[in-house]
Amino acid sequence: MKKIAFLCCLFFLAVTAYADDFSLSGYLKNEFSMGMDTFNDVHKFKNILGLSGEYRINDDWTLFASTRYWYDAVYDWYEKYDPAQHYMGHVQRTDWLRDCYLDYISDNLDIRLGKQQVVWGQSDGIPILDRVNPFDLTEYWLPDFVDLRIPLWMINIKYAPKINSVLQLLIIPDFEQSTSAPPAAPLSFRSYQLFQAFKDWWEGPPTAIPFKPFSGTVNANIYYPAKKFKNSTFGVQWLDRIGELEYTLNFLYGYYYSARTYFEGAGGMGTILNYGRRFKLWRMYGGSFNRTFTEAGPLQGITLRGDFAYYNDEPVTYGNPDTGSSGGVHRWDNIFWLIGIDKYVATNWLVSFQFSQYIMQEAKPGGVDPNTGTPYVTFNAYTYGPQDQVENIFSLKIMTDFMHERLKSEILWSWTDDNQGRVSPKINYEIKDNLWLTTGIHYFYGNEYDTNGQFRDKSQVYLNITYTF
Amino acid sequence: MKKWLIFFILCCGLCLLGIMGNLHAVELDYHTVYKPEQGMSIEDIMQVKYFVKYTKFAHDYESTGYVYFVDKSGFTRERNFLRQRIILGRESDDLAYKDLVMFTGPTAVKGLAILTWSYMDPAKEQNQWLWLPSLKKIRKISAAQSDDSFMGSDFTIEEITTRKFEYETYALLREEPFRGYACEFNNQLYHQGADCFVVEAKPKRSPWYYSKRIVWIDKNTGGDIYHEIYDPNGQLYKTIFKDYQVMKVQDRDYPTQMLLEVKDLRTEHRTVIEMKDVKYDQGLSEALFTEKSLMRSRW
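Protein sequences, first through last, are from chains A and B. So the first sequence is numbered by the working numbering: it starts at 1 and just counts up by one. So the second sequence is numbered by the working numbering: it starts at 1 and just counts up by one.
Since the hints were made in silico from the structure, they are not lab data. A few of these clues could be false.
To be verified - Mimicking DSS-like on lysine-lysine, the simulated pairs with C-alpha atoms at most 25 angstroms apart in a straight line are:
#	chain 1	residue 1	chain 2	residue 2
1	A	Lys162	B	Lys140
2	A	Lys432	B	Lys276
3	A	Lys408	A	Lys426
4	B	Lys202	B	Lys53
Using the sequences and the hints given, assemble the complete structure.
Below you can see the structure in the form of structure tokens.
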């Protein structure tokens, strides 16, 4: 894959030498964030260089690539971040190449070949159908989704049998796993921290309580799907309209992008513990809709939208929530659906409300923790805390602008019925055409078992400055 | 009997008045060039004006352009755009035209695109889709309120895209040569001496963000070259200038907006929209005005 990327870039550079129809643009960005608890705990000082280039070969064919390099100085400033420095301090593996594809366009057929992102669904901030690409959650769900998605090499074919209908076919022979921040990083998941804490204890000196008369070893091996065509991810989307109602039908089949941890046995008289992280096949069946009421009447100006997904064989971890020790993995069928409503009020205030439910078909994994006798429960994948069988998720977003859209502001409040959530006000100010400033707060609340609540001590204030060219 | 006869005649008279009161100007045929002519009713003149404004005389339209936001200190922000439109006038699905606006610069807004479908039914709102580069996805959006600023400019959304003939009542004030407009953007004097109809237009909606506007309509093109807009208290608060030039397209004269300047007299902020590379009737495909087309966006 690296060779393909390299060749594409080489070709890209070669053609630019002769191209009149070539455009290049980019940005330099500094992202700074600081914990709100003490205001002396810098979470991020990330410097990013992004470059994008487009070469129009002719009216039908276009080549496009974008790259991104970054360096986060915080991981060199603080010793406490040392364990995460290698992973969080600078650009990772294939992360530098964000897009690299060849586009063919015509009235009926569009083909995009190469590394790209594909987005499905109507929801904001909640990936229900948006599962084509894996996610980089090293900064939780805080960045823009365009930066959260991990691009993949794929064949993306869109065929329009009639004017407003599109049949999309995806063949994705590439695989990347969704990523999260390692322990020691500011926004590391509790589940990851618990595993690391256990590993450190097991491999550390003997302890009396709990009793451990040796220094053991924990092996954690990750097993990626073999690089074979049959292991590709396949997707299909049908988009059409019935009157004013627009809908999609979606199907995705492939490996689940998040690995699940399995205990694979002990060795060395019980002092060596072997864990395997494996990716499981799953299927997603779903659909989405949107409808804007354009006709005169009380509903005029309202947009209704929704997503529905049926996750078949979704790997779900269960275990003891007190210790975070995993009891195993079930592959269950789960449902995730959302309905959203948007409306402009008082001239230029956009109010957007979403309600969604994640429903697990089964809730009782069975079994007990052999060490403590605690009955196993289904885990929240982020925290290894208990997961409700039905999780009700709400979000409210209000946006407006001032000074001829020079100053844009928004506030997002997302929460669940477990009294946990996040409040994120944000201001975006255009200093000049090519200089933008963004500042805001991410305030988390809840308890340590909850997705947002696990970061209740990590609320942050941030400031981003972007220079574009 | 006589009383009944008088009552009957009165009723007939009232009915006739009622019918006349609701009379609209004749519908104009799409893809035909019209000009205001002497002796036309004020409704007909305004119909022609809207026809010209939304380029309904053409089959399709394309232009690039620049938008400048200038505050009272002279500080200027800039946007570049590509605009494409297909004019349908199709009764089967009520579609009047479809419009695609893509920002091509500066980099910070590059890629932002809006697809709009406008309908012939005056009571029906537009359908809009937005391509959001920060999400790399399409969002179906509710139409913004008509009195909201159009993309941060001094124009309202109604002034640029949504206002229709049926939204106002009209009175012809006078006919006169236009005094000329001294454009602050390029220091040129425009349309001095152009023969104009001067029309007073009042919104049917009340209360509304303006109480009336006085519009100078160029007899040569049917274009609304100058507007004075009055707030609900009757105070002049905004002026709009539009430079119309006639473009020869396949032996037909197409009145074409080339420059717009709008000034808010309260804030002294102004917006200039300059059109470049205007092209008509290139045979743009309707397939260009679909979600599939929006999904092609790379930025």
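Ascending list of hint numbers which this structure does not respect:
No numbers; nothing is violated.
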